[in-house]
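Trainee: Given the structure of chain P, go ahead and fit chain W onto it with the hints provided.
So the protein sequences, as listed, match chains P and W. Quick note: the first sequence, position 260, residue 509 per this note's numbering, numbers continuous. Quick note: the second sequence, position 123, residue 372 per this note's numbering, numbers continuous.
Since the hints were derived computationally from the structure, they do not count as laboratory data. The reader is advised that the hints may include incorrect statements.
Note that the list lumps identical chains together, so a pair holds whenever it fits in one copy or between two copies.
What the hints assert, rightly or not - As a list, the in silico SDA-like pairs of lysine to any residue whose alpha-carbon atoms are at most 25 angstroms apart:
hint : residue 1 : residue 2
1    : K298      : P427
2    : K471      : L501
3    : K496      : A626
4    : K547      : V574
5    : K305      : M604
6    : K471      : T453
7    : K484      : M544
8    : K597      : N434
9    : K298      : H430
10   : K658      : G404
11   : K629      : P594
12   : K471      : L489
13   : K554      : D349
14   : K629      : D385
15   : K496      : M485
16   : K637      : D438
17   : K547      : D502
18   : K345      : P605
Keep in mind that this is a model prediction, so the values were computed, not measured.
Protein chains: 2
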Amino acid sequence: MAMMMMNLKRAATSAIRALPAAPSSTGALARHLHGSVGESKKIVGVFYKANEYAEKNPNFLGCAENALGIRSWLESQGHQYIVTDDKDGPNSELEKHIPDLHVLISTPFHPAYVTAERIKKAKNLQLLLTAGIGSDHIDLPAAAAAGLTVAEVTGSNVVSVAEDELMRILILMRNFLPGYHQVINGEWDVAGIAYRAYDLEGKTIGTVGCGRIGKLLLQRLKPFGCNLLYHDRLKMEPELEKQIGSKFEEDLDAMLPKCDVVVINTPLTEKTKCVLAVIELYKFQFFQYRVDLGMFDKDRISKMKKGVLIVNNARGAIMDTQAVVDGCSSGQIGGYSGDVWYPQPAPKDHPWRYMPNQAMTPHISGTTIDAQLRYAAGVKDMLDRYFKGEDFPTQNYIVKEGQLASQYK
Amino acid sequence: MAMMMMNLKRAATSAIRALPAAPSSTGALARHLHGSVGESKKIVGVFYKANEYAEKNPNFLGCAENALGIRSWLESQGHQYIVTDDKDGPNSELEKHIPDLHVLISTPFHPAYVTAERIKKAKNLQLLLTAGIGSDHIDLPAAAAAGLTVAEVTGSNVVSVAEDELMRILILMRNFLPGYHQVINGEWDVAGIAYRAYDLEGKTIGTVGCGRIGKLLLQRLKPFGCNLLYHDRLKMEPELEKQIGSKFEEDLDAMLPKCDVVVINTPLTEKTKCVLAVIELYKFQFFQYRVDLGMFDKDRISKMKKGVLIVNNARGAIMDTQAVVDGCSSGQIGGYSGDVWYPQPAPKDHPWRYMPNQAMTPHISGTTIDAQLRYAAGVKDMLDRYFKGEDFPTQNYIVKEGQLASQYK
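Just chain P, same shape as in the assembly (with noise of 0.2 angstroms):
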C-alpha cells in the first residue's frame, strides 16, 4: 500500500506539471460569460445504465434510460440531449460528442472523467454539473482555467448518507448479519449472535468530521441515549452543540479510543492531510482525486478500543484497504461497514467482500430514490437559470469564474 501511495503521488506531481498552462483571465472567462442564453444547446449526460430495472420504478431518474426526466423539457426547448453511460477511452460515446457539446451532466455514481485533455477538446464545453454531490472526477484546476462552470446539487443526498450511515452502525451494533446468515442457511442458534449483540444506547459514537452529513446523523442519534463526540477543523455554536448534544474533540487521536463506533465523515479535502494524487484508475486515463489517503492506518486503527466498529461512507482510500482487512480478522476491529471502496467499482476480489464482521454494499447510500428525485431537481433549476443566463444558488458552485471553491483549493 505504502509503495502504491508513493507511486500515485509521483503520478500526480508529473500530471500536474503536464496541465496546459492557465488562459488569460478573459480567455478563463469568456466561454460561461458568453453565447448562454437562447442558443440551442447540445447536452450531454452520462448515467449508469439500469437496464431491466429502469421500467421498474417511475421515479428511477438518476439512470441512462431515465437521464433525469428531463428529455422533453429540453427538447420542447430546442437543445439536443445525448444520453450514455459509455464513457472512457477514445472510441467511446462519450468521446464523440467532446468536440461539440455544451453541457456535461454526470454522477458521482458512474462519473464521466473529465480530464484536462478532454477539457482541451471540448472547445465548445462551458458548464458541467454534478447530479449529485461530489466533483473530484473532473479537473477542476484545468476546468477552471479553462474558464468552465462547475457546479454540483449541494445538499441533495446528505439525508440520505446520514440515514444510511445510522443504519450501519446499528447494523454492526446489534451484530445483525449473522443471525440473518443464519435465517437462509436453515439454521437457529441465538448464542452465536447474542454473544457479540449490543445495544446502541449508552455507547460512545465518534464522527470524524462533522460537516451536513455529520451533524446530520449526531441529530438522529440523540434520542438514542449514546455519548456523541465530534471531530473536526471547527467548533460547532455552542448552541448548536447543545442542541445536538454533542461534545467537540479537538485531538483526533485522544478521541478515539473512547469511541465504540467510529464514523468517517472527512470530506475529501481536509486542508491539514490532504494529499492530491492521481489514480491510474481505467488504465487509459488519470484523473485527480483528493484524499486523506490511508488516514486510518494499522497504527491508527491499533490505537482504536479492541472491537471498534467502524462506518465510512465517505470514501475508501481514507481507510488502509489491509490494515482493515487484518484488524477485521484479529479482532480489533468489531465490524466494518460502509458503501465506498477503492477502487470503484470495486472488483470482484476486493478483500473487503471476503472479510469477516463486514456489512458493506456498493456505492449506493446517495443514489436512494429520493435522492435522485432532488438532485433531478437540483440539475433541471442549474439548466433552466443556465438558459436564462441566471447564476445558481452560491452553495452549488464547485468551479466559478476561473475559481476553485474554497473546500476544493
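Mentor: Just chain W now, kept in the frame of chain P:
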C-alpha cells in the same frame, strides 16, 4: 393455516377443561407467604447453551454456562443453584428437579415450559422468574391457582427491541440486503439496488400497538422527519403525543393504507382480539400462548399500500404465515423483517427463510448483552427480595397472590 388455527382453538378449549380445579384461597396463597425467609433454597435456571461462545464475552450472562452470573452469590448464602438447558420431556434434567425446586428461572429465548402437570408435581415451588419479558411459557392460570408467584424483569429489553425495530425499518427502506449480497457475490450493480432504495425521511410510519416499545421507537424516529402514526387501545396524553410527534389512529384499518412502513408492537393480550390457543410445540406437551393469531391475514395485507414494509418483533403468529410469503412474492409487501417466528425455533423449512425481500433473524432483539446485564441484575434483585421476604417492584408481577396481572387476564 385456517385449519391449523381451528385445531389450535379446539385444543385450547380442551386444555382449559383439563386444568386442575383451583385450590382454596388459603391454599393458593400458602406457598409464597410461608417458608421463604432464611431457608436454603433450591433454585433451577434454564437457559440456552452457548458452547464455544460462552467464554467469548464475560458479560454474556444469559447462557447456561454463565447462568446470569449469580452462582457464587447464591452459593455463598447457602442456596443450591442447578442450571441446565435440558428442559423438555420426562427424562430431562429439569424434570428431575421439579419435585423439590423452590425457584425456577427461565427466559423467553429458551423457555422452560411450566405446564399444569409440572406445577402439580412441584410441591416446593414458590417462585417462577422470567429473565427478560414474556411469561407465556408458563401456564399462568394454573400457577395462580397453585399460589405461585410469577415475575419478569419488566422493561429490561424494551430499548433493545425498539432499536432493533428501527434498524429493520432502515434495512428494508434502504434496500440494504441486495447490496450486501452483491458484495459477497463479487458483483457491482448500483441500479439493481437503487431502483427500490428510499430515504426514511418524509415517509409514513405506523405502529400497531404503542406500549413502551412503540413509544421508544417513535421517540427515536422523531428526528428522521417522518409522518408518525400510532394505533392503540389508548390515546396518549396530548403532552406526550406532542413530544413524540405522533398522531393517534383509532381505527387500525383506516391507518394501515396510509403507511409506507407498518411496525407491529401489539401486546400479546390485546383484549379485543386475543384468543387463547394451545400450541403443540414439542409433540409431548402443551403450553398456553396468547396472540392475535393471524391478525394480519391476506385480506388485511391486501388493503395496505402496495410495497408496504412490515417490521414485526412482536409475535410471529400475529401474521398469517402464507399471506406474508404471498405478499412478499407478489410485491404487495415490499419487505418483511422481524425476529419472531411461528413456531420457534423456526424449522429449517419455514417459508419465511426463503421468501424474497425478507430481512429476518432468529429471536434475538431482546437478548443483547446490555439486555442480559439488565435482566440478570433484575433477577438477582428479585431473588434478594425473595430471600428477605420483601415485595418485588410492582410492575414485575405477572402472578401474585392468586391473581394474574391485568394484561394476562
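Trainee: Evaluate each hint against the coordinates.
Mentor: The hints, checked one at a time:
Taking identical chains as interchangeable, the C-alpha atoms of K298 and P427 lie at most 25 angstroms apart only when they sit on different chains, with a minimum of 18 angstroms there against 33 angstroms within one chain. Within a single copy, K471 and L501 get their C-alpha atoms as close as 21 angstroms, which meets the 25 angstroms cut-off; across copies the closest is 30 angstroms, which misses it. In this assembly of identical chains, K496 and A626 lie within 25 angstroms of each other by CA distance neither inside one copy nor across copies; the values are 36 angstroms within and 31 angstroms between. Within a single copy, K547 and V574 get their C-alpha atoms as close as 10 angstroms, which meets the 25 angstroms cut-off; across copies the closest is 46 angstroms, which misses it.
In this homomeric assembly, K305 and M604 come within 25 angstroms of each other (Cα to Cα) only across copies, at 20 angstroms, whereas the closest approach inside a single copy is 33 angstroms. For the homomeric pair K471 and T453, the shortest alpha-carbon distances inside one copy (12 angstroms) and between copies (21 angstroms) are both at most 25 angstroms. In this homomeric assembly, K484 and M544 come within 25 angstroms of each other (Cα to Cα) only inside a single copy, at 21 angstroms, whereas the closest approach across copies is 52 angstroms. In this assembly of identical chains, the alpha carbons of K597 and N434 lie at most 25 angstroms apart whether taken from the same copy (23 angstroms) or from different copies (8 angstroms).
Proximity of K298 to H430 under the C-alpha cut-off of 25 angstroms is restricted to the inter-copy arrangement: shortest distance 20 angstroms between copies versus 31 angstroms within a copy. Proximity of K658 to G404 under the C-alpha cut-off of 25 angstroms is restricted to the intra-copy arrangement: shortest distance 20 angstroms within a copy versus 53 angstroms between copies. For the homomeric pair K629 and P594, neither the shortest alpha-carbon distance inside one copy (28 angstroms) nor that between copies (53 angstroms) is at most 25 angstroms. Taking identical chains as interchangeable, the C-alpha atoms of K471 and L489 lie at most 25 angstroms apart whether they share a chain (13 angstroms) or sit on different chains (18 angstroms).
Taking the shortest Cα distances, K554 and D349 never come within 25 angstroms of each other, neither inside one copy (55 angstroms) nor across copies (47 angstroms). Taking the shortest alpha-carbon separations for K629 and D385, only the intra-copy value of 21 angstroms comes in at or below 25 angstroms, while the best inter-copy value is 58 angstroms. Taking the shortest alpha-carbon separations for K496 and M485, only the intra-copy value of 9 angstroms comes in at or below 25 angstroms, while the best inter-copy value is 34 angstroms. For the homomeric pair K637 and D438, neither the shortest alpha-carbon distance inside one copy (64 angstroms) nor that between copies (37 angstroms) is at most 25 angstroms.
In this assembly of identical chains, K547 and D502 lie within 25 angstroms of each other by CA distance solely inside one copy; the values are 13 angstroms within and 55 angstroms between copies. Taking the shortest Cα distances, K345 and P605 never come within 25 angstroms of each other, neither inside one copy (45 angstroms) nor across copies (43 angstroms).
The structure shown violates the earlier hints numbered 3, 11, 13, 16, 18.
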